[in-house]
Amino acid sequence: MGMTMTQKILAAHAGLKTVKAGQFIEAELDIVLANDITGPVAIKEFQKMGAESVFDKNKVVLVPDHFTPNKDIKAAEQCKMMREFAVDQKIENYFEVGEMGIEHALLPEKGIVVAGDAVIGADSHTCTYGALGAFATGIGSTDMAAGMARGKAWFKVPSAIKFELIGKPTKWVSGKDVILHIIGMIGVDGALYQSMEFMGPGLKNLSMDDRFTMANMAIEAGAKNGIFLVDDKTMEYMKEHKNKNKAFKKKMKVYEPDKDAVYVETYVIDLSKIRPTVAFPHLPENTRTIDDVGEIRIDQVVIGSCTNGRMEDMKVTAKILKGKKVAKNMRLIIFPGTQNIYLECVKNGYAEIFVKAGAVFSTPTCGPCLGGHMGILAAGERAVATTNRNFVGRMGHVESEIYLASPAVAAASAIAGKIFNPEDL
Amino acid sequence: MGIVFKYGENVDTDVIIPARHLSTSVPAELAKHCMEDIDAEFVNQVKEGDIIVAGKNFGCGSSREHAPIAIKAAGVSCVIAPTFARIFYRNSFNTGLPILECEEAAVKIQAGDEVEVNFKTGEIRNTTKGETYQAEPFPEFISKIIACDGLVNYVKNNL
Ligand code: SF4
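Protein chains in written order, with numbering that gives the first Met the number 0: chain A, 0 to 424; chain B, 0 to 158.
Hints are not guaranteed to be accurate.
[Said to hold, decoys possible] In silico EDC-like cross-links for lysine to aspartate or glutamate, where the CA-CA straight-line distance does not exceed 20 Å:
(1) B/Lys46 with B/Glu35
(2) A/Lys19 with B/Glu35
(3) A/Lys70 with A/Asp87
(4) B/Lys155 with A/Glu95
[Said to hold, decoys possible] Partial pick of chain B residues on the chain A-facing surface, computed with a CB cut under 7 Å:
(5) Lys5
(6) Asn9
(7) Pro17
(8) Ala18
(9) Thr23
(10) Val25
(11) Ser61
(12) Thr82
(13) Thr94
(14) Lys128
(15) Phe140
(16) Lys143
(17) Ile145
(18) Asp148
(19) Leu150
(20) Val154
These aren't lab readings, by the way, just hints derived from the structure by calculation.
No residue lacks a Cβ here, since even glycine has one placed at the ideal position from N, Cα and C.
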């Protein structure tokens, strides 16, 4: 019986010839990741386990991104603890505020994850790296601690759903619209315990940034991981983003699903038919196309996060905002994924376009995405966000509302003061 | 034996423990805010041993282990649902919060019912209604982790 792409990577990391869905395995890990919320808990568990040193100082990655720059004293204490651990354990891949980024934008950019890797991260959106053809999944702090100590994690081998992509998206449609469309179709538990594997001739019409956005939201369909077939674009991206640290040698490996791989279900997605899509409160599955949105007045627009804080997202935002002003009494907050993206925005004039349009251009941080800081909503307020979750209270007050959309829809909405179709600008 | 608190489908980690309280990882502190965004009265009413019964996909959302930790520290002895989000599922076993998958129990048990759970057999008894439901027993691998009282000890023994 053939194996899926995910199953092949897991088999290789478990030292097995074959694995099948439902089997429990223990796999070797290439990267173990945590942030300033999950890291401190993991470090405490690590110590309780009686571990003294991490399994490999090059393979543990710590990124303070959620409540940084430290939003309050408690956050400062948590970051301090993580920093001290990083210094003590000589962890190379610890990124201080000035060189950091939102973890899932940062790791691919720095070449820390490559095709064929097995990655666990104490953050649910670790699945983002599936865009590179890696197996990557979110776990909790105790799993993270065990991973740091032993370089291994237990997994139940997942079955998989295949997404066969065909066609080419229209001008204002991006990876965000595609994944929102899919989640709307299969629901927030549509891929529970399963892999979502993306392939097909339409793949070549999706940029790497599109793919990162889509893999990022696999968890929003309940999936264990999302993964993309490796093609020329992936190879080019990895070449461009090779890790510069000599001590940290990375070898990528391309896995492809067997011809007779078993998929529980196959969906054919025609990218040319997808419309700009918005997820209404309070679940990512409550999607409507832009044509059915109606008149929704908004108070705030947030563009950024590990879902849509990459260069292409900044580019489309700048294109729409250029020479325009955000609506009266509208708050537009733009937070890029990494320091590098921030710098690029400054260099090529996007930063100026943002500020002139009346936006706040923030340092990279998770901040508003999880209702941490830098843009909390009051009762009754509505926001359009390019983030990944619109749960009750996610961005602030329990009576606030979040509408998830692409950067193009979000930027157009900021100008219009209501949810707006970029095609109509 | 515990009294049941009942919730709907897709209860997410942001309502179990909102991010604004995540600048601490002290269980007792987290417990004070458990479920507050969907049920402000929960923390005032819950007693040691009580049980949460909910709809499908319980615990969806973030990987924060603070969610099962908050539920456990609030005194809850077990969560029953037809399905759990996968990270929450792992985190619960890893941190020692017992959870059971049982569709029938999740449908038939009502808020306020008195329920008794046998973790060895997976049997759930509703003493208020006089009904019994059978949950899936734990997979063997997970039983090993449970036998070690969570992943910390499991690793300690295998380091
Ligand atoms: S940007 Fe949002 S979703 Fe992404 S890692 Fe940060 S908090 Fe999580």
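Here is what the structure says about each hint:
no. : hint                  : result
1   : B/Lys46 with B/Glu35  : holds (16 Å)
2   : A/Lys19 with B/Glu35  : violated (41 Å)
3   : A/Lys70 with A/Asp87  : violated (24 Å)
4   : B/Lys155 with A/Glu95 : violated (31 Å)
5   : Lys5                  : violated (17 Å)
6   : Asn9                  : holds (6 Å)
7   : Pro17                 : holds (5 Å)
8   : Ala18                 : holds (4 Å)
9   : Thr23                 : holds (6 Å)
10  : Val25                 : violated (10 Å)
11  : Ser61                 : holds (5 Å)
12  : Thr82                 : holds (6 Å)
13  : Thr94                 : holds (6 Å)
14  : Lys128                : violated (27 Å)
15  : Phe140                : holds (4 Å)
16  : Lys143                : violated (9 Å)
17  : Ile145                : violated (13 Å)
18  : Asp148                : violated (12 Å)
19  : Leu150                : holds (5 Å)
20  : Val154                : holds (5 Å)
Violation of the numbered hints given earlier is confined to hints 2, 3, 4, 5, 10, 14, 16, 17, 18; the remaining hints are satisfied by the structure.
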